[in-house]
Amino acid sequence: AQKVTQAQTEISVVEKEDVTLDCVYGTRDTTYYLFWYKQPPSGELVFLIRRNSFDEQNEISGRYSWNFQKSTSSFNFTITASQVVDSAVYFCALRNTGGFKTIFGAGTRLFVKA
Amino acid sequence: DVKVTQSSRYLVKRTGEKVFLECVQDMDHENMFWYRQDPGLGLRLIYFSYDVKMKEKGDIPEGYSVSREKKERFSLILESASTNQTSMYLCASSRPLAGAASSSNEKLFFGSGTQLSVL
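Just so you know, the sequences run in chain order A and B.
Under our numbering, the first sequence has 17 at position 17, and the numbering climbs by one with no breaks.
Under our numbering, the second sequence has 223 at position 109, and the numbering climbs by one with no breaks.
It should be emphasised that the hints constitute simulated quantities derived from the structure, not laboratory data.
Please note: incorrect hints may appear among the correct ones.
Claimed, not checked - Computed list of chain B residues with no C-beta within reach of chain A, every gap over 12 Å:
id : residue
1  : Arg123
2  : Lys127
3  : Val138
4  : Asp142
5  : Ser189
6  : Ser194
Claimed, not checked - The list that follows gives simulated cross-link-like pairs (lysine to any residue, SDA-like), each with its CA atoms no further than 25 Å apart:
id : chain 1 : residue 1 : chain 2 : residue 2
7  : B       : Lys171    : B       : Gln229
8  : A       : Lys101    : B       : Glu170
9  : B       : Lys127    : B       : Asn198
10 : A       : Lys101    : B       : Leu155
11 : A       : Lys101    : B       : Gln229
12 : B       : Lys185    : B       : Val138
13 : B       : Lys221    : A       : Leu48
14 : A       : Lys3      : B       : Gly156
15 : B       : Lys117    : B       : Glu136
16 : B       : Lys171    : B       : Asp152
17 : A       : Lys101    : B       : Lys167
18 : B       : Lys221    : A       : Pro41
19 : A       : Lys70     : A       : Pro41
20 : B       : Lys171    : B       : Lys221
21 : B       : Lys117    : A       : Pro40
22 : B       : Lys127    : B       : Asp165
23 : B       : Lys221    : A       : Lys16
24 : B       : Lys169    : A       : Trp66
25 : A       : Lys101    : B       : Asp140
26 : A       : Lys3      : B       : Ile174
27 : A       : Lys38     : A       : Trp66
28 : A       : Lys16     : A       : Trp66
Note that CB positions come from ideal geometry on N, CA and C, so glycine has one too.
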């Protein structure tokens, strides 16, 4: 069965610190997609990144970076020089190729203090 | 600006009431989804629809039904609300990848959610 585990329930950092959000996934399929979504206090989840199982290249987008390691079934998300606006709940998610269902982790709530 | 709109941000209902949660998207998406979000459990899929009048059960369909009479609208129905259905309900939509048979790799667009309290 598919599963997404985000072991960190809450993380609190001070502004300008770097922070890494962990995501471990499980699936029997060989092809799949991984996602990260951000849910700010307004409630609406916003898409951040999608990665397919064939592409293990790390990605950087501004202060955000993602480390996909198939060998450890992990897809971790790092925010560099965090800002108060990064405070949100972050969800890691998994969807198998050919499927409609997206499986979400429990989420990690990030607090960034000024 | 593309949008998924949920009719209510907050709802308070009584046990046994019939409850309708409405969701409308303006992106002409084929796929629509209803999730519920509970602390420590993340988002769990209740139902989804990949076309008008089509519906499929998700992981926790018990106690819920859905209706998709028009492409842009997907309604979640609680036939007889119970206290364990108190939750945040999130609607989402997505489109299939052009030329592909499935929508497996398309991202989800979410509404702002409806916080339902059943007393």
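Status of each hint after checking the structure:
Distance check for Arg123 of chain B against chain A: the nearest CB is about 8 Å away, which does not clear 12 Å, and the non-interface claim fails. Under the 12 Å C-beta cut-off, the non-interface status given to Lys127 of chain B relative to chain A holds; the minimum distance is some 19 Å. Against chain A, the non-interface label of Val138 of chain B holds: every CB pair exceeds 12 Å, the least being about 14 Å. Interface exclusion of Asp142 of chain B from chain A stands, the closest Cβ pair being 18 Å apart, more than 12 Å.
No beta-carbon of chain A comes within 12 Å of the beta-carbon of Ser189 of chain B; the shortest separation is about 18 Å. For Ser194 of chain B, the shortest C-beta to C-beta distance to chain A comes to about 26 Å, beyond the 12 Å cut-off, and the non-interface label holds. Pair hint Lys171 of chain B plus Gln229 of chain B holds up; C-alpha atoms about 22 Å apart against a cutoff of 25 Å. For the suggested pair Lys101 of chain A and Glu170 of chain B, the alpha carbons sit about 10 Å apart, so the restraint of at most 25 Å is met.
Proposed proximity of Lys127 of chain B and Asn198 of chain B is supported: the alpha carbons are some 12 Å apart, at most 25 Å. In summary, the hint linking Lys101 of chain A to Leu155 of chain B is supported, as the alpha carbons are separated by about 16 Å, within the 25 Å threshold. For the hint pairing Lys101 of chain A with Gln229 of chain B, the CA-to-CA distance comes to about 23 Å; that is within 25 Å, so the pair holds. Taken as a hint, the Lys185 of chain B and Val138 of chain B pair is honoured in the structure, with Cα atoms around 9 Å apart against an allowance of 25 Å.
The straight-line distance between the Cα atoms of Lys221 of chain B and Leu48 of chain A is roughly 9 Å, inside the 25 Å bound, and the hint therefore holds. At most 25 Å may separate the alpha-carbon atoms for a hinted pair to count; Lys3 of chain A and Gly156 of chain B meet this at roughly 12 Å. Distance check on the hinted pair: Lys117 of chain B and Glu136 of chain B sit about 14 Å apart at the alpha-carbon level, within 25 Å; holds. Under the criterion of a C-alpha separation no larger than 25 Å, the hint pairing Lys171 of chain B with Asp152 of chain B is consistent with the structure, at around 19 Å.
Distance restraint check for Lys101 of chain A and Lys167 of chain B: the Cα-Cα separation of roughly 18 Å lies within the 25 Å cut-off, and the hinted pair is therefore satisfied. Restraint check for Lys221 of chain B and Pro41 of chain A: satisfied, since their Cα atoms lie roughly 21 Å apart, inside the 25 Å limit. For the hint linking Lys70 of chain A to Pro41 of chain A, the alpha-carbon distance of about 32 Å lies beyond 25 Å, and the restraint is violated. Between the alpha carbons of Lys171 of chain B and Lys221 of chain B the distance comes to roughly 20 Å, so the proposed pair stays at or under 25 Å and holds.
Straight-line distance between C-alpha atoms of Lys117 of chain B and Pro40 of chain A comes to about 16 Å, which keeps the hinted pair within the 25 Å bound. The straight-line distance between the Cα atoms of Lys127 of chain B and Asp165 of chain B is roughly 30 Å, outside the 25 Å bound, and the hint therefore fails. Only pairs whose Cα atoms come within 25 Å are accepted, and Lys221 of chain B paired with Lys16 of chain A is rejected, the gap being roughly 30 Å. With a CA separation close to 34 Å, the supplied pair Lys169 of chain B and Trp66 of chain A exceeds the 25 Å bound.
For a cut-off of 25 Å, the pair hint linking Lys101 of chain A to Asp140 of chain B stands: about 21 Å separates their Cα positions. Only pairs whose Cα atoms come within 25 Å are accepted, and Lys3 of chain A paired with Ile174 of chain B is accepted, the gap being roughly 15 Å. For a cut-off of 25 Å, the pair hint linking Lys38 of chain A to Trp66 of chain A stands: about 14 Å separates their Cα positions. This hinted pair checks out: Lys16 of chain A and Trp66 of chain A have alpha carbons roughly 18 Å apart, not beyond 25 Å.
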